[in-house]
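Enquirer: Next come the chains, spelled out residue by residue.
There are 4 protein chains.
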Amino acid sequence: MQNLKMGMIGGGEGAFIGEVHRLAARIAGNVDLVAGALSSTPEKSIRSGHALGLERVYPDYQTMLESEARLPDDERIDIVSIVTPNFLHQPQASMALANGFNVICDKPLTANLEQAIQLGKEAQDTNLKFAVTYTYTGYPLVHEAREMIQSGELGTPRKVIVEYLQGWLSEPIEQEGQKQAAWRSDPTKSGIGGALGDIGVHAANLVETMLGQHITSVSAHLNRVVPHRQLDDDGQVMLEMESGIRGHMNFSQIAVGEENDLNIRIYGDKASIEWHQMNPNTLTIKRQGKPVETRTTGFSATSPSATAMTRTPGGHPEGYLEAFANIYKNFADDIIATRSGNSGSFTYPRLDEGIRGMKFMQAAFDSDKNSQAWTKIE
Amino acid sequence: MQNLKMGMIGGGEGAFIGEVHRLAARIAGNVDLVAGALSSTPEKSIRSGHALGLERVYPDYQTMLESEARLPDDERIDIVSIVTPNFLHQPQASMALANGFNVICDKPLTANLEQAIQLGKEAQDTNLKFAVTYTYTGYPLVHEAREMIQSGELGTPRKVIVEYLQGWLSEPIEQEGQKQAAWRSDPTKSGIGGALGDIGVHAANLVETMLGQHITSVSAHLNRVVPHRQLDDDGQVMLEMESGIRGHMNFSQIAVGEENDLNIRIYGDKASIEWHQMNPNTLTIKRQGKPVETRTTGFSATSPSATAMTRTPGGHPEGYLEAFANIYKNFADDIIATRSGNSGSFTYPRLDEGIRGMKFMQAAFDSDKNSQAWTKIE
Amino acid sequence: MQNLKMGMIGGGEGAFIGEVHRLAARIAGNVDLVAGALSSTPEKSIRSGHALGLERVYPDYQTMLESEARLPDDERIDIVSIVTPNFLHQPQASMALANGFNVICDKPLTANLEQAIQLGKEAQDTNLKFAVTYTYTGYPLVHEAREMIQSGELGTPRKVIVEYLQGWLSEPIEQEGQKQAAWRSDPTKSGIGGALGDIGVHAANLVETMLGQHITSVSAHLNRVVPHRQLDDDGQVMLEMESGIRGHMNFSQIAVGEENDLNIRIYGDKASIEWHQMNPNTLTIKRQGKPVETRTTGFSATSPSATAMTRTPGGHPEGYLEAFANIYKNFADDIIATRSGNSGSFTYPRLDEGIRGMKFMQAAFDSDKNSQAWTKIE
Amino acid sequence: MQNLKMGMIGGGEGAFIGEVHRLAARIAGNVDLVAGALSSTPEKSIRSGHALGLERVYPDYQTMLESEARLPDDERIDIVSIVTPNFLHQPQASMALANGFNVICDKPLTANLEQAIQLGKEAQDTNLKFAVTYTYTGYPLVHEAREMIQSGELGTPRKVIVEYLQGWLSEPIEQEGQKQAAWRSDPTKSGIGGALGDIGVHAANLVETMLGQHITSVSAHLNRVVPHRQLDDDGQVMLEMESGIRGHMNFSQIAVGEENDLNIRIYGDKASIEWHQMNPNTLTIKRQGKPVETRTTGFSATSPSATAMTRTPGGHPEGYLEAFANIYKNFADDIIATRSGNSGSFTYPRLDEGIRGMKFMQAAFDSDKNSQAWTKIE
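Protein chains in written order, with this note's numbering: chain A, 1 to 378; chain B, 1 to 378; chain C, 1 to 378; chain D, 1 to 378.
Mixed in with the good hints, there may be bad ones.
It does not matter which identical chain is used: a pair holds within one copy or between any two.
With a straight-line cut-off of 35 Å between C-alpha atoms, the simulated DSBU-like cross-links for lysine-lysine are [claimed, not checked]: (1) K290 to K270; (2) K359 to K376; (3) K376 to K270; (4) K290 to K376.
These aren't lab readings, by the way, just hints derived from the structure by calculation.
Build out the structure end to end from the sequences listed, making use of the hints.
Expert: Below you can see the structure in the form of structure tokens.
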């Protein structure tokens with residue numbers, strides 16, 4: 001079985017998430033990074049590509065996409081990985097699709113909802129695959145929980161609480177040259193959401209993935225806590241889900257001392273579950289008047305999808321990079337299977353989920369502007 | 001130093017919280033239960049009193065209050081403890097005050113705001129002491145946290161999250177004869193709030209006590225999740241605090257598998273704290289990019305008020321009953337000190353906090369009725 | 001039902017454990033402290049007794065025991081509580097028994113094994129009850145675990161690990177006037193064991209109680225880590241149990257930063273359990289390849305003896321004082337039942353367990369002197 | 001910078017640790033697996049190599065080593081990775097060294113001490129690098145702790161406790177065809193140690209690495225708990241360290257329900273530390289009467305060596321595979337640096353540590369045979 005070939009846009013010198021994508025792809029093991037246009041500055045793009053030892057290094061993404069498209073089938077890249085700031089996702093993904101490449105794109109999908117809908121249309125008529133790296137749904141126990149809920153182990157879900165708390169933007173570091181902070185808090189690069197787009201969409205995707213229901217309405221309060229910040233850095237959202245139940249989302253990037261605390265609790269009428277990203281290999285199940293049950297990755301978590309996403313036996317902790325790798329692996333396996341005429345179920349976040357993330361953001365944004373009025377999604 | 005004498009209203013056979021009050025008073029050690037009207041049924045009241053070996057047993061609270069009032073100063077009770085369902089608090093407390101007794105009353109203060117305001121007026125012209133048993137602010141580390149915030153260790157507070165989650169009402173047990181559930185879900189006995197009054201007011205008091213700020217406005221969503229339930233059994237409230245910062249409260253009695261999970265996190269611009277009632281002897285302090293700090297009762301928690309509320313050295317866990325006892329002890333010490341002409345600072349929740357709890361409930365109730373509109377308190 | 005009457009020896013001004021015993025007795029609720037000889041200094045004894053408001057205050061324990069013995073049955077004390085340094089336990093308990101009093105005595109039972117055996121003989125011919133306050137076996141979940149093991153839920157036990165780690169003697173505070181440290185590290189007052197007698201016997205009692213087997217042989221290494229200390233302040237012991245399985249005990253009072261970390265793990269061939277005194281309301285059960293199960297006091301711990309030792313519902317944490325109170329309560333209930341001609345099962349550590357603690361200490365002491373040679377107990 | 005080339009011996013179809021090594025190498029990113037003799041069965045070796053898409057596939061390791069040795073410098077492999085059962089390590093490593101290859105070998109180094117000493121001699125006269133994959137010292141926080149101890153933050157170390165508990169051999173699965181269990185419990189393949197060699201040497205290496213002292217003497221008790229098992233599956237060891245302090249090691253593979261619980265506590269006279277492999281990103285520091293301090297990977301752990309071993313920011317958990325990758329990366333970087341004439345400090349376990357592991361095993365083995373007599377190492 002031959003590995004797929006991948007080209008990367010963005011992720012050159014000084015970038016953070018590009019290296020994470022590359023590590024993820026290496027762990028995945030079914031995709032090789034062979035080409036890149038790693039920076040918007042041509043010299044930097046080329047220098048970065050050489051530093052990584054890529055086979056084919058391009059000055060800009062347009063050149064890469066056009067050049068690769070002209071290569072023979074067995075040489076050209078199969079996948080374009082987009083790891084640039086939000087405002088570039090749509091033009092880059094759009095051109096990648098137009099040139100016949102499968103796309104794996106960082107989140108949020110785009111800078112605004114219009115771009116997302118546009119991308120959705122462009123993808124519709126192709127038979128290309130499109131993944132969005134909502135990393136956290138790449139953890140095995142998210143799918144263990146999802147399968148438990150689908151099978152009815154929790155009974156009817158009644159309440160959901162999701163939190164995503166970080167502290168890294170508690171000071172105005174974007175005004176002090178921190179590169180990651182700078183573009184994320186600049187509406188021309190980040191789009192309509194600050195923390196909402198950076199972490200809120202992860203939380204929304206986690207709720208929908210685990211619960212197997214869409215968020216249908218929100219009442220959102222967005223904060224800009226740090227003075228002079230242009231985009232939200234904190235917020236809370238009341239949620240209404242498809243089945244009518246209520247939920248709550250709390251997110252913040254000014255929660256001093258919190259590292260990357262994404263966590264979720266779902267309460268059913270028979271049982272409840274709790275999962276924390278920072279302790280990703282334990283899933284807690286509670287029942288009224290009964291012992292708490294803790295399932296662990298590779299040991300007592302036994303759902304097929306969790307098992308398929310696990311590399312090591314229990315007690316050998318897997319983490320963030322392995323979750324990220326699961327998205328890469330399943331995405332690439334899907335492409336490979338389709339080419340072989342095989343079908344199968346491949347678990348990874350797709351374009352639809354990217355678009356839904358943007359709808360969630362837009363609704364939250366509108367609700368906040370409108371005194372937290374309940375605002376429908378769609 | 002002589003112990004104070006106490007008479008109890010309610011808490012007879014089959015009651016839960018009455019025995020907790022009695023245990024708390026015994027641990028406190030400065031108050032003796034000598035009299036009681038322990039049930040609304042005279043025979044049961046008398047039988048229960050004899051079973052406890054009380055010196056003076058009364059058929060009903062009116063008889064107790066009138067009879068005790070006629071006893072000589074060194075024989076009559078000093079304190080009336082009210083442990084009845086909510087709708088009885090106001091008439092009983094009112095009559096106790098009128099007969100010159102200090103009052104310690106369970107929460108919520110009354111069945112509705114009007115009764116609370118009425119009580120406030122009646123107490124105003126007396127020099128009697130009035131405690132409300134918001135038990136959870138009787139824990140030492142709540143005051144450790146309060147002192148840290150007051151001293152500026154957290155910097156300017158920016159965000160607060162409080163949760164109070166239980167699962168014991170996840171089934172309609174009030175329809176199956178469970179006595180505690182029955183009156184709590186009956187508006188004629190419980191008042192305007194279900195879970196809101198049973199646990200929401202605890203959460204509100206915890207926020208205000210720890211943060212040292214009042215809640216000034218709420219946007220509340222109240223749920224009645226279990227069919228045919230007349231009062232809320234679940235809800236969430238966006239909070240605005242005096243200083244303008246936002247907070248969130250989540251409370252539920254249908255959160256299957258949760259025992260008594262009251263917890264709070266307060267984020268400042270320098271540091272943040274986290275405390276969980278079910279693990280009451282640890283207080284976590286987080287700072288950006290710094291090690292997490294955990295203070296423990298009797299070991300590294302060293303604020304004067306925490307120390308004063310601690311009976312055993314670190315690692316010898318104290319719990320709920322000791323927290324409850326701290327309220328009794330400080331309340332009784334306050335009465336003793338005032339009689340001796342001494343002043344001093346005695347930490348316990350007072351009538352004002354009881355009234356504020358009712359204002360919070362009323363505002364949440366109104367907000368929910370009004371599509372979660374932001375509703376001012378006061 | 002009338003409360004029993006109790007007289008206390010020791011526990012006056014400046015003492016620690018005496019106040020803990022008094023709190024425990026108050027929580028127990030079936031015993032009243034009415035008399036005391038609280039200090040070896042007569043004036044201090046009397047001053048301490050008056051400060052506590054005791055009915056009958058004595059200058060010394062001999063006077064108390066003789067005077068009380070002459071009182072009518074319905075006035076005299078039923079129980080003598082001994083809370084003095086170890087070397088006084090035997091003479092005081094001996095005289096209490098001789099005068100017809102039931103005894104509850106702090107641990108270790110005596111200063112050396114001879115004294116313990118002597119006490120055992122003296123008690124044999126009476127029908128008096130004798131409790132030893134191995135506090136930690138007063139926790140409900142210790143008995144939940146014991147019942148699980150007895151019922152075979154763990155299968156055949158194979159391995160046990162018990163630890164008791166403290167740090168409070170990590171500096172030579174006995175040389176700086178710390179009263180608790182001073183007598184504990186003085187062989188003329190503490191007896192043959194330092195940490196071994198102060199905490200090692202607790203660990204040994206916990207193993208035997210939970211496992212339902214005696215320790216039959218030890219290979220012990222005792223340390224005196226802090227310079228110039230006369231008694232052990234640290235040690236480790238390999239254990240052999242009745243059934244032939246091996247265990248390990250680690251104890252220390254120089255483990256800097258440890259508060260009072262007594263914990264135990266027992267591994268069976270079907271399941272294993274883990275319990276930590278500092279988190280006393282959770283009991284963890286592990287099975288191979290299965291979810292971890294956590295039982296909690298008052299919620300999912302449902303064995304009869306655990307339930308009988310629990311005062312509050314799940315999530316309302318009970319702690320050290322309540323565990324201590326369980327020993328007082330069950331001991332007093334046993335006396336009351338016997339007087340009423342009722343029999344019953346009352347769970348508390350008895351004289352035999354006190355004697356066995358001394359045998360454990362002696363064997364460990366001998367093994368250490370003999371290059372850690374395996375040394376039989378008995 | 002060119003990646004090094006690697007050939008692997010062992011790790012074909014059905015093997016476990018081989019795939020872990022391959023994942024680790026991919027994450028490391030500075031070494032490429034290009035050749036392999038993956039099985040002792042030639043056809044299986046070739047089939048496995050093709051399945052992995054290796055460039056050069058060999059029927060057996062002898063052929064690989066000889067063939068590769070004949071290739072030009074820029075084509076031949078730089079590193080041989082040995083992932084076979086213990087008894088094969090020495091002949092394979094020996095031949096690899098003889099043919100001029102750097103070696104990275106799984107642990108324990110060999111099947112017995114003689115083989116280890118032999119290997120040590122053979123390596124001495126080469127300038128080849130030799131790594132032993134004591135994986136757990138590849139975690140960043142192990143080195144954070146090591147640097148804290150070296151810098152004196154703990155003061156003088158006084159006591160160490162290390163545990164390594166697993167339950168996977170609690171049943172005689174080696175008699176039921178479980179391949180991993182079968183060779184590990186067969187003395188002809190595993191060597192002198194069962195659990196001792198499989199996990200005990202990890203624990204010994206962790207103690208020595210973190211503490212920066214050698215174990216100098218042991219008193220060991222080895223168990224064979226499961227009937228008919230030929231090698232130890234459980235044991236405990238009293239340790240004496242270079243500085244004279246005592247320690248304890250407990251290890252087991254019959255601890256039902258334990259996954260892979262390697263943990264260590266080191267107590268100094270100023271501070272103490274605690275680390276658990278299953279929660280590898282937190283390091284706890286305790287001080288007497290002070291708040292507990294928790295450092296986390298990528299956030300508050302800031303020692304140079306910890307930082308160098310960390311790939312993602314705090315709260316993005318790294319785990320076992322990343323720890324494994326750190327050993328590969330640092331080993332390969334060391335080779336690269338040496339070739340470039342650069343020196344530097346590269347943190348990974350070397351041949352010496354492999355030999356010391358065998359000395360520890362032999363001493364424990366001898367002590368157990370000799371009634372747990374204290375037995376010197378060296």
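Enquirer: Output the numbers, in ascending order, of every earlier hint that fails for this structure.
Expert: Hint 4 is the one this structure does not satisfy, whereas the remaining hints hold.
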